[in-house]
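Asks: Sequence:
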Amino acid sequence: MRFTLRQLEYFVATCEAGSITDAALNIPVAQSSVSAAVAQLEAALGVQLLIRHHAQGISPTPAGRQFLVHARALLRDAEQLERFAAELTQELSGTLELGCLVTLAPLVTPSLSQGFQRAHPDVTIEMIEGGQQELVEALESGRIALAITYDLALSENVKFQPLAQLPPYALFAPDHPLAEREQVTLSELAVEPMVLLDLPLSREYFRALFLADDLEPRIGQRTPHPEVIRSLVANGFGYTIFNARAVIDYALDGRPLRVVPITPPARPMNAGIATLARMRTTRLTDAFAAYCLESVQRGMIPALRGEDA
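With the numbering used here applied, the sequence shown has no gaps in its numbers, which climb one by one up to 332 at the end.
Calculated directly from the structure, the hints in this document are not laboratory data. Some clues are possibly wrong.
Unchecked claim - Cross-link-like lysine to aspartate or glutamate pairs, in silico, EDC-like; alpha carbons within 16 Å at most:
1. K182 / E163
2. K182 / E215
3. K182 / D276
Unchecked claim - So the derived label-pair ranges between C-beta atoms look like this:
4. R328 / D276: 20 to 30 Å
5. P190 / E250: 19 to 29 Å
6. F107 / S210: 22 to 32 Å
7. M323 / P190: 17 to 27 Å
8. R75 / A96: 17 to 27 Å
9. P144 / E239: 51 to 61 Å
10. P144 / D309: 11 to 21 Å
11. A53 / T304: 32 to 42 Å
12. D272 / E227: 21 to 31 Å
13. Q206 / Q184: 25 to 35 Å
14. Q140 / R75: 39 to 49 Å
15. V270 / A59: 45 to 55 Å
Just so it is clear, CB atoms sit at the ideal spot from N, CA and C, and this is done for glycine as well.
Using the sequences and the accompanying hints, generate a full structural model.
Replies: Here it is, written out as structure tokens:
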């Protein structure tokens with residue numbers, strides 16, 4: 024082979040960063056090492072891969088853009104081969120790329136990751152958060168090995184392992200007229216202003232809860248940020264509906280909140296682990312999935328204390 028994986032790694036990093044300087048900072052290595060590796064790669068291939076713009080970074084040549092696709096694929100294959108070799112030993116080790124739905128991430132990933140790494144100190148977990156479509160794309164591109172999310176609009180390319188069913192509940196400020204109720208119906212909620220979690224698929228799910236009873240929610244405020252929603256609710260802008268439950272019923276500004284179950288029970292969200300169906304799982308991903316299931320079943324993850332799936 025006329026080039027090395029390290030040269031490919033530095034070339035890909037340079038293309039993604041847009042400059043040799045930024046690539047060196049991201050890796051991190053000396054700028055001269057990145058520059059030399061890319062130059063050696065071009066010399067070995069006999070092709071110019073990058074155009075150097077003075078004081079303005081780099082851009083790949085047409086050949087460089089094509090080569091970038093194959094370089095990324097080869098690096099992914101090399102990483103999988105390295106993982107496979109590591110699995111031949113008894114101890115779990117390596118890096119687990121974990122994705123999590125942005126609404127679940129602060130509630131579940133820190134405790135799950137910490138507990139798993141405590142049991143397997145040679146494992147490093149790299150976490151990313153995103154929306155459902157972002158997580159699916161990350162699975163398909165190989166950026167993550169698995170994702171903790173809901174089973175909303177998942178394609179046949181994604182395998183889903185349920186962990187818990189989370190029925191929806193209503194969240195109020197303490198002085199809201201419905202805050203002291205033991206239960207609340209969707210018809211009672213429909214006439215009140217709602218603060219909507221405005222994320223793709225989530226907003227459709229919440230609206231569908233009402234449509235199933237021939238109702239339409241009265242949307243007052245909307246935002247994609249759960250903590251902003253909690254603060255808006257705590258400050259009297261209306262109620263909201265969530266599925267995953269925070270341990271502390273307070274907004275970030277310190278104002279209290281009240282949780283009231285919805286009756287009759289509405290369609291729950293199924294929280295679980297998504298993986299790419301066509302991708303062979305590893306000992307590491309299997310072990311993490313098993314740890315997640317055990318943690319949920321033992322009640323160690325408060326946000327997932329719904330109905331066991």
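Asks: All hints, please: hold or fail.
Replies: Results for each hint:
no., hint, verdict
1, K182 / E163, "holds (12 Å)"
2, K182 / E215, "violated (38 Å)"
3, K182 / D276, "violated (39 Å)"
4, R328 / D276: 20 to 30 Å, "holds (26 Å)"
5, P190 / E250: 19 to 29 Å, "holds (22 Å)"
6, F107 / S210: 22 to 32 Å, "violated (56 Å)"
7, M323 / P190: 17 to 27 Å, "holds (20 Å)"
8, R75 / A96: 17 to 27 Å, "holds (25 Å)"
9, P144 / E239: 51 to 61 Å, "holds (53 Å)"
10, P144 / D309: 11 to 21 Å, "holds (19 Å)"
11, A53 / T304: 32 to 42 Å, "holds (38 Å)"
12, D272 / E227: 21 to 31 Å, "holds (27 Å)"
13, Q206 / Q184: 25 to 35 Å, "holds (31 Å)"
14, Q140 / R75: 39 to 49 Å, "holds (41 Å)"
15, V270 / A59: 45 to 55 Å, "holds (52 Å)"
Of the numbered hints stated above, those contradicted by the structure are hints 2, 3 and 6, listed in ascending order.
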